[in-house]
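Residue numbers (our numbering), protein chains in the order written: chain A, 1 to 319; chain B, 1001 to 1618; chain F, 2001 to 2270; chain Y, 3001 to 3511.
Hint data in this document are derived by calculation from the structure and do not stem from the laboratory. Quick caveat, the model's predicted, so the values are computed rather than measured. Keep in mind that a hint or two might mislead.
Listed next, the stretches of chain F that the computed footprint assigns to chain A, with coverage defined by at least 3 CB atoms under 8 Å from CB atoms of chain A [said to hold, decoys possible]: (1) 2119–2125; (2) 2206–2217.
What follows is a set of in silico ranges between Cβ atoms, one per label pair, in the way DEER data are often shown [what the hints assert, rightly or not]: (3) Y:Gly3040 x A:Arg73: 47 to 55 Å; (4) A:Ile115 x F:Leu2022: 47 to 55 Å; (5) A:Phe179 x B:Ser1181: 41 to 49 Å; (6) B:Gln1162 x A:Phe179: 49 to 57 Å; (7) F:Glu2107 x A:Arg229: 43 to 51 Å; (8) F:Ser2157 x B:Asn1379: 33 to 41 Å; (9) A:Lys7 x B:Ser1181: 26 to 34 Å; (10) A:Arg229 x B:Gln1162: 27 to 35 Å; (11) A:Ile115 x B:Gly1403: 54 to 62 Å; (12) F:Ser2157 x A:Arg51: 53 to 61 Å; (13) B:Ser1181 x A:Phe132: 39 to 47 Å; (14) A:Ala93 x F:Ser2157: 34 to 42 Å.
Virtual Cβ for every residue (Gly too), placed ideally from N, Cα, C.
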Amino acid sequence: MKYFIKKLITLIMTLFLVSVAAFLAFQIIPGDVVTSILGTEATPEREEQLREELGLNKPPVERYFNWVTDVLRGDLGESYRFSKSMNEMMPVAELIGDKLPVTLWLAAVSLVLIIVIAIPLGVLWARSSSHFLDAVLGVVTQVSMAVPSFFLGILVTYLFGILLKFFAPGSYVSYQEDFGGFLKYLLFPALSIAIPKIAMTARFLRNSMLTELQADYVRTAYSKGCTKRRVMYGHVLRNAMMPVVTFLGMIIAEIVAGSIVIEQVFGLPGIGRLLISSISTRDFPVVEILILYITFVVIFVYFLVDILYRVIDPRISEV
Amino acid sequence: MGRRDSPVSPAPVFCKLRKVRGMQECRMSGRMEDIMIRIEDLSVAFGDTEAVKHVNLELIDGEVLGVVGESGSGKSVTALTLMGLVADSAQVTSGRVLFDDVVLREAGKPCDKALYRQYQGARMSMVFQEPMTSLNPTQRVGKQVEEMLRLHTELRGEDRKQKVLEAFRSVGLREVEKVYSCYPHQLSGGMRQRVMIAMAVILHPRLIVADEPTTALDVTIQNQIIELLREINQKQNNAMLFITHDLNLARRLCNRIAVMKDGEVVELGETEEIFQNPREAYTKRLIEAVPSRVKRRRNAAAESGMGEPAGSGPDGKIPAGGEAAEKAGTEQEECAVQGWNTGREQGAGLERSAGQEKSAGLQECAVQGYRKPILRVRNLSVYYKDGDNSLFSRRKKQCVVFGAEFELYPGESLGLVGESGCGKTSLSKAILGMNREVEGEIVHTTLRPQMIFQDPYSSLNPTKTIGWQLMEPLRARAALDQAFAMTREEMETAAYDMLHKVGMEDKYFHRKPSQLSGGQRQRVSIGQALITHPGMIVADEPVSALDVTIQAQIMELMQKLQQEMHLSYLFISHDINVVYRMCDRIMVMKDGRIIESGETEEIFNHPREAYTKMLLGA
Amino acid sequence: MKKHGMGKWNKYLVAGLLMTGLALLLGIVGIFWTPYSTTAMSAAEKFDAPSLRHIFGTDNFGRDIFSRVMEGMGTTVVISSLVVLFSGSVGILLGALTGYFGGVLDEIVMRVTDAVNGFPSILLTLVIISVLGSGRQNVILSLGIVFVPSYIRIVRSEFIRLRDADYIRRARLMGVGRMRILFVHILPNIFSVFWVSVMIGFNNAILAESGMSYLGIGVQPPDASLGKMLSDAQGYLRTAPWYALAPGLSIVWVVLGFALFSEGIRRRNA
Amino acid sequence: MKRIRILLTALLTMAVLGGCGSDGTGESSGDNSSKEPVYGGSVVVGIQQDIDSLDPHKATAAGTKEILFNIFEGLVKPDENGNLINAVASDYTISEDGLVYTFTLRENVKFHNGNVVTCEDVKYSLERVSGLLDGTPLISTLKVIQAVDILDDKTVQVTVESANTELIYSFVAAIIPAGSGEDAEADPIGTGPFSYVSYTPQVGIVLKKNPDYWQTGLPYLDEVNFKIVNSPDSAVLELQGGTIDIYAYLTDSQAQELQETFNVEASASNVVQALFLNNAAAPLDDVRVRQAICYALDKDSINDFVGGGNGTIISSAMLPTLKDNYVDLNDTYGTTANVEKAKELLAEAGYGDGLELEIAIPSNYEFHMQTGEVVVEQLKEAGINATIKAVEWSTWLDEIYNGRQYQATISGITCDTTPGYLLNRFQTDSKKNFINFANAEYDALYLEAQATLDIQKKIDAYAQLQRILCDDAGSAFLQVPANMTAINKKLSGYKFYPVYVQDMSTVFWTE
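Extracted from the complex, chain A is given alone in its bound form (with noise of 0.2 Å):
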């Protein structure tokens, strides 16, 4: 509990210093919002009731607290750049929502294929003795690690999209409209992702449950008369996928904030692009939220781990 609170106030100070960080980036970044949003024909006096309306004429730091407030009531203001109806700009919260299950559901699509092929695949090479097999994998998990998302994600592009034509190239369907499409669309960016993952969790894997099994416990087993397989997924395999939750945890955290480059290669609505529009945009409201969400989903992706691996490991639990 006390380590609980304490986290709780680590996460809440990361929070913090991240919002003020932003806001600040804000105040030096080059680019008026003003101009960006009335764009170059309007006259002063419409620049200067803008600048009014959207409260920027007040200093910084009551901007920031005034922000801060309307946040902590749960009003994540409103967005400079969309419109939801004439008389009103989108919410920050609502455009976010809208962008959320796009990232979440690639996040989504991803662990499943990490989970579902780095795992059997980790503790099959871990078990193999075939030096055949263990040269194949560790060549081509070197190999796919090596690999820049970004040029994953051209060369699947061009494999399955272009090539053998298993996926239209920018055909996304949007979520709400039909679900199945959509997921089979995002199978591909997903795969892009999961490719290096898989190597990685797979390779992680293996070697944690090569050091597990150098273990005197382990001994243990097999002087009880323990077949290697029960030794493998009775004593080993938990423990030794302790670190590799730890691992999916730093991964989890990074495709939730967004995996932009993915996004922009196959044109995927998600946060990640929203994001860099908004930047660019100069999009103030919804560039804050937005950071300051991908800073909450890191932290509280992490410290979920920390909890799960409280739960799994019974070691650390009464600490």
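Fit chains B, F and Y to the given chain A structure using the hints.
Here is chains B, F and Y on its own, set in the frame of chain A:
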């Protein structure tokens, strides 16, 4: 030394030694089936290096056979090969292992794991050295013991659990239900080892292999476990292969002892026979090396006064005691010139180095107020701070040493004895100023007392050469005080001198610690501590990580240097015998308090506290 | 140590050295000399497929892709090296101080690194570049800032581990000065760990740099950069696949080579 | 309080390439023109950026206007030749003094909500845009409207405060139902060939057929989906994947890539691309340096490299498609590089040893970035060491366009069908004169041209203005890039307009 038994005729040796149990008759009449375990001419190699060479061992029901040897002697590999647990990379290059005439393992054939599984657990089981790591850290211990039943019996859920609880009770565990659902880390070391033993004996196997089962435990717990093993052996009448580096332990438990060295069995015989009449030089040395109360005075006198050779270990030359005594005088003068000691202290040192009964002399001095203590500790309490340096959590202070009071006199060795966690290390750190959370008074007259640590592997900076490390204290001293400025040549000369003094050759000057053995590293550590002539040394378990023969050498070295350089030692150890050999006076510490202190002989002969008695009994 | 050197070659080290060596050689030569000018345009040679004349073919301006890959490799390697140099030095300094002394500085630095760590690196560089503007120095600076926390962490944890090592305690007892303990006694001992993380960091820097260029926030044209080439080439996947493959595979080559090299080093040290 | 947003007032191209202007010929696309139109079906059109507003009076982005063209109509509307045709109005007259416009409404034009357009609706719409309604003019050129009077139920009279021969072009402003302005953003209702169905930010907008459209037989399609495509690269992939049918902003090489499988059409855009030179920043304040740069550039090869040779080379600020007003000044500096002359001028100006030049380019415009690469290479020949500084669009607006803190920049300025539109900005005091062009003769001449009602005089004055801008090397004007549009081969009837318009009403499937 280094006798190699002919692989075909090991029998004569056995026959001679086995009369007590009537083994000879058995073998003569050809009733081979009574011999349960037979290891015949076993050699095990890892790649090109043979770890076990032509070993022959036999065991019958109810017998406890000790296998004694120092690290690397091949005793564990032998046991693991017997159990079918040796790594796949190990090859049996000769001989075979039989269990009731069934060949379990044979030279040139891979390990038949399916065959072994019929024996492992059910008919032979093993107790390992580290109960913490030998238990699966993420499984409840009850389940782990129960796995034995799952694998080898038809018992069902609740029956299995009852059987496990019963086994727990039989190994002296209390609150067995609670223990059943504990994870290994929630148990104490002793309890864990009891769980391991329960696991080993639950199916009443005919053979139990115990590989250093008490080494990782405190002395008092050690005793209990030994008693438990003895008890089980008597109750269940199973044979036991007891592997240890500790001759004393073997002596207490075993019917017969096999002494191993460099992969070979160099001597095998009835326990008492071996102790009384060791035939091999190595066995003799092993017995000699064990610090024993019986031998202490005689040895000390012999080494320092009578010039009896102390035996030469692999580390090479150690100047014999006589020479040391001769040199002592000049050394003392040097010290005096450098202003480290007073004239009177010098006198005391010389007096002692003449080989007289020193503690008496010192006691006398102290009583007379003849000498000033080099260290005085008054009402010292030491606190331990929670390591967490977060801003949020208030630091909790925990008292680990309560009101310690004592003095250390020049040239004296003061022993500090206690089990792990009693506060002896905290006390020593406080004295050296490494822990500033203290209350009370510490006064020492030396400039910079130095320390020698237990682990020779972490005591030296792995990236620096030995020469550099020996010179570093001189550089540091010069940086602090211009008066001690030395040229590089002078430093090098001093470093070489020190290297010689700790019994090492010039060539080591340019080597790094990774190229040195444990004993050699400890020598360098000692040399590094002494190069600035600190006068007082705190030695925290300086020999407990070393093999017994090396232990003896290091202790000799420390005693020699003490005389030569007129040093005071605060000698910390859990090993009562080591302390006995090294120290003039002893303090016994328990739960942060010094509960008893006095002259060594006095404590040993007339312990006042029950705890001290228990320690001595171990 | 030297006598061990030759005996400890392993296949990872050899393969890694060969691959990295070739890449570095091309990259470094590429800084000073390339077979063709990397900017000279030729309308006649637009999108020539790989041939003896242009072994990687030509791009949309008729520029020799091989020459541009060489230059891009040089750019990437130089930037990545400077990033690692920058973040490594800052990491050592801060990690050493915070790890050894702890206290308030440690707390502040750790909170800041937490915040930086809890943030995808590409996003952070994006924000920093938005603030600083694009350009070579800013790419180095922003990536440097992004990578500093990982080095601080590694160095810090090593210093925490070693500050209580027996030989460091002894050095304190000898009266060795703090800075000497930090940088003479401890620092050499963390190099084996640090070296591996530098290698990994170098690879990450390469990936991040090319990722930034891919998103158009890295090195600006006409300077060749592998990521930028890749993003330019993406549109010509069907007509000129070699244009995408050449820079893409070059990145893979460098990263793989370095990964193998560091794996080799790791195994040699193990 | 109502927040009014006016996004990027359409003077600067947001697109890589702007709309279209098909040399006034207005050919319909492809070889399929002869084929029989099939009614029904739906088409997906790739667009480059999100909609800035669904309120036709507030939408300013060219990319939005090209879509809203399908939903809304004004009293008049442009046709594919750049001429105005009558739309909601069936006829109009302008008084002699140019101050009174009288519009007659077309019979039975219906809004998408089924109501017939009345004079009230027209009055409301015009008052709304001119600011008569609430004091906030929404379209700046219509600020001059003084009164809108309903003469009878089919006639509306508009009185303006000053005569302007080019004002009629502004009456393309959308007619919306009276009082609907506040709802236009959520439920836009117009009279165009298609009606609004839905809009999803960052995804796109869906329109459906207006069955009551006044032009009988139009439109053919049941549904049009304008889908936002984030980059030209992915547009190509989407075209190939068949997820979009029409895309109008291809680069030359992409167009070539699609040549086989699509009908790819090149047409002149309404964008003037130039290497804009800050006349106030050293060393560009020296006319010789600016001229040297103009000489050093090889516009032909720029056109070849980045435009596939489809662009139209220009040397001043006038669209060649505006034939009456355009003068060809390409002989002034030539269309290929004249390095000798450039070096000579530089030496004269004291930069014989070379010169450093920083060219800022908005990094999101691939076309300008690529042009920049070629320009840098060409300037090198003349001893000008140019470097590219990529800037974000917001930064570009802030620092370069408004702040005028730059040496040179490559960008494009868009033009509408009003001929004097581009020339206006180069008056010394113009707020839009971001190149700091200062020429008193030019200023005087421009005012003169505006004042005259004599068409020929106006044309002459415009020609002279173009010449001054060119001779003075106000900037190095490069080209009017071609607009490369890929159209599904099974589609026909796509028309190219000289302004940003994607007219879907005439598009049909051939099978």
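Against the structure, the hints come out as follows:
1. Evaluation of the coverage hint for the stretch 2119–2125 of chain F: fulfilled, as 4 residues show C-beta separations to chain A shorter than 8 Å, against a requirement of three.
2. By the rule of at least three residues with a Cβ nearer than 8 Å to a Cβ of chain A, the coverage given for the stretch 2206–2217 of chain F holds, with 5 such residues.
3. At about 51 Å, the beta-carbon gap between Gly3040 of chain Y and Arg73 of chain A stays in the expected band of 47 to 55 Å.
4. Here the CB-CB span from Ile115 of chain A to Leu2022 of chain F is close to 37 Å, at odds with the stated 47 to 55 Å.
5. For the pair Phe179 of chain A and Ser1181 of chain B, the supplied restraint of 41 to 49 Å holds, since their beta-carbon distance comes to about 46 Å.
6. In this structure, Gln1162 of chain B and Phe179 of chain A meet the distance hint of 49 to 57 Å, their C-beta atoms being roughly 54 Å apart.
7. For Glu2107 of chain F paired with Arg229 of chain A, a C-beta distance near 48 Å keeps the hint of 43 to 51 Å intact.
8. Distance hint check for Ser2157 of chain F and Asn1379 of chain B: the Cβ-Cβ separation is about 39 Å, which falls inside the suggested range of 33 to 41 Å.
9. A beta carbon spacing of about 28 Å between Lys7 of chain A and Ser1181 of chain B agrees with the range 26 to 34 Å that was offered as a hint.
10. Checked against the hint of 27 to 35 Å, the C-beta distance between Arg229 of chain A and Gln1162 of chain B comes to roughly 28 Å, which is consistent with it.
11. Range check, Ile115 of chain A to Gly1403 of chain B: Cβ separation about 59 Å, and the 54 to 62 Å hint holds.
12. Between Ser2157 of chain F and Arg51 of chain A, the C-beta spacing of about 48 Å breaks the proposed range 53 to 61 Å.
13. Remark: the range hint 39 to 47 Å for Ser1181 of chain B to Phe132 of chain A is upheld by a beta-carbon distance near 45 Å.
14. Remark: the range hint 34 to 42 Å for Ala93 of chain A to Ser2157 of chain F is upheld by a beta-carbon distance near 39 Å.
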